[in-house]
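J.: Construct the entire structure; sequences and hints are all you get.
Residue numbering for the sequence shown follows the numbering used here, beginning at 36 and increasing consecutively.
Among the clues, some could well be false.
[Claimed, not checked] Result set (EDC-like, lysine to aspartate or glutamate): computed pairs, CA atoms no more than 16 Å apart in a straight line:
#1 Lys132 <-> Asp98
#2 Lys132 <-> Glu169
#3 Lys137 <-> Asp171
#4 Lys139 <-> Asp87
#5 Lys101 <-> Glu117
#6 Lys128 <-> Asp87
#7 Lys164 <-> Glu190
#8 Lys170 <-> Asp99
#9 Lys132 <-> Glu190
#10 Lys139 <-> Asp98
#11 Lys181 <-> Glu169
#12 Lys139 <-> Asp157
#13 Lys137 <-> Asp155
#14 Lys192 <-> Asp179
#15 Lys170 <-> Asp157
#16 Lys137 <-> Asp87
#17 Lys132 <-> Asp155
#18 Lys90 <-> Glu117
[Unchecked claim] Just the calculated beta-carbon pair ranges, DEER-fashion:
#19 Ile143 <-> Ala191: 40 to 50 Å
#20 Trp129 <-> Ala178: 23 to 33 Å
#21 Ser42 <-> Arg205: 16 to 26 Å
#22 Ser183 <-> Asp59: 50 to 60 Å
The set of hints was computed from the structure by calculation and includes no laboratory data.
Note that the structure is a prediction, hence the values are computed from the model and not measured.
Every residue, glycine too, gets a C-beta built ideally from N, C-alpha and C.
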Amino acid sequence: MLTWIQSFLEERLMRLGIRGSFSDWIEVLSRVPQGSVLGPLLFLLFVSDLPDWIKNSMRMFADDVKILNVIRTDVGNYNLQEYLNSLTRWSSKWLQKLNSSKCKVMHIGHDTCTEHHITDDDGNSNVIKQITEEKDLRIYITADLKPSMQCVRAEAKARSVIGMVRRNFRRLDKEDFLLIYKMYIRPHMEYCVLLHI
Numbered sequence: 036m037l038t039w040i041q042s043f044l045e046e047r048l049m050r051l052g053i054r055g056s057f058s059d060w061i062e063v064l065s066r067v068p069q070g071s072v073l074g075p076l077l078f079l080l081f082v083s084d085l086p087d088w089i090k091n092s093m094r095m096f097a098d099d100v101k102i103l104n105v106i107r108t109d110v111g112n113y114n115l116q117e118y119l120n121s122l123t124r125w126s127s128k129w130l131q132k133l134n135s136s137k138c139k140v141m142h143i144g145h146d147t148c149t150e151h152h153i154t155d156d157d158g159n160s161n162v163i164k165q166i167t168e169e170k171d172l173r174i175y176i177t178a179d180l181k182p183s184m185q186c187v188r189a190e191a192k193a194r195s196v197i198g199m200v201r202r203n204f205r206r207l208d209k210e211d212f213l214l215i216y217k218m219y220i221r222p223h224m225e226y227c228v229l230l231h232i
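T.: In structure tokens:
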């Protein structure tokens, strides 16, 4: 079994094909081929030990990791930096490159001026960008945890879909409108309603 997985990962070539024309074959540099059936499973196996390195509350979804930490004193800031250092050590050990430009920190419920750093693959220590808003799995999270931004964005999206329906469907009977509403408009508004409950 391990030999089969090894042969799946090593010495892989790929090329691009469009309408019968193909590019030259090139070597795949990443270890987990994107778009493959086994890719997601192998990725989960590669990152399954990460929670053992970060002894704190964390959330993982695909290739995103969120470290959650309560900061009331300088000890909390120190602990969060240590978790980030552990993440860097883990990525170096398992050759899982961290994209430091995509790393962000959000302070929820307070406005401290604490800087946190993450080390990239070249050994450079980079300050993690502080944000006040982030879209995560189609939900907008803000530092004040108010749902207003989510509702504004959901309403704007729903209005744009309604405009598209009006432009493209001149005459709709009640059944057709209900079908279009349920498929294209209501899903955007439900995110706003769920946040208000």
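J.: Confirm or reject each hint.
T.: Hints, one by one, checked against the model:
1. Lys132 <-> Asp98: Holds - the C-alpha atoms of Asp98 and Lys132 are around 11 Å apart, at most 16 Å.
2. Lys132 <-> Glu169: At roughly 22 Å apart (the allowed maximum being 16 Å), Glu169 and Lys132 break the hint.
3. Lys137 <-> Asp171: Holds. Lys137 to Asp171 sits at ~13 Å (cutoff 16 Å).
4. Lys139 <-> Asp87: violated (22 Å)
5. Lys101 <-> Glu117: The hint holds at about 14 Å.
6. Lys128 <-> Asp87: holds (14 Å)
7. Lys164 <-> Glu190: violated (29 Å)
8. Lys170 <-> Asp99: Judged against 16 Å, a Cα distance of about 13 Å means the pair holds.
9. Lys132 <-> Glu190: Status violated; Cα separation ~38 Å.
10. Lys139 <-> Asp98: holds (14 Å)
11. Lys181 <-> Glu169: holds (13 Å)
12. Lys139 <-> Asp157: violated (19 Å)
13. Lys137 <-> Asp155: Holds, at about 11 Å.
14. Lys192 <-> Asp179: violated (23 Å)
15. Lys170 <-> Asp157: violated (29 Å)
16. Lys137 <-> Asp87: Since the Cα atoms of Lys137 and Asp87 sit roughly 23 Å apart, the hinted pair is violated (cutoff 16 Å).
17. Lys132 <-> Asp155: Satisfied, since the Cα-Cα distance of roughly 8 Å is no more than 16 Å.
18. Lys90 <-> Glu117: With Cα atoms ~10 Å apart, Lys90 and Glu117 stay inside 16 Å; holds.
19. Ile143 <-> Ala191: 40 to 50 Å: violated (24 Å)
20. Trp129 <-> Ala178: 23 to 33 Å: Taking Cβ atoms as reference, Trp129 and Ala178 lie about 32 Å apart, which means the hint holds.
21. Ser42 <-> Arg205: 16 to 26 Å: violated (58 Å)
22. Ser183 <-> Asp59: 50 to 60 Å: Given about 52 Å between the Cβ atoms, the range holds.
In summary, the structure is inconsistent with hints 2, 4, 7, 9, 12, 14, 15, 16, 19, 21 from the numbered list given earlier, while agreeing with the others.
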